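**Q** Under the UniProt record's numbering, the first residue of the sequence shown is numbered 1, with each subsequent residue one higher.
By construction, these hints were calculated from the structure, which means they are not laboratory data. Please read all numbers here as calculations on a predicted model, not as lab measurements. Among the hints, a few may not be true.
Simulated crosslink set (DSS-like; lysine-lysine; CA at most 27 Å straight-line) [claimed, not checked]:
(1) Lys41 to Lys19
(2) Lys19 to Lys33
(3) Lys48 to Lys33
(4) Lys19 to Lys48
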Amino acid sequence: MKDIASILSKVDAEEMLTKEDAVTLLNIDNQSKVFYELIAKANELSRKEYGDKGYIFAQIGLNSELCSGNCGLR
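Produce the entire structure from the sequences given, and follow the hints as far as they go.
**A** Now the structure itself:
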């Protein structure tokens, strides 16, 4: 497995990550110190790119079928 610090250095240098790099990042244990370093890097990059702005995406779904429970609602 590749060293996480070297992958994050590539990110800082704006170099393309390899498939191996991506797989290494995906295999990080979610309760490890390295995971929180990765989250901190993601936070840093997000704030650098977007400042303190965010987007909210919401979805509303409607079911147009008749009630199958014979409940009388139409």
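**Q** Of the numbered hints stated previously, which ones are contradicted by the structure, given in increasing order?
**A** none
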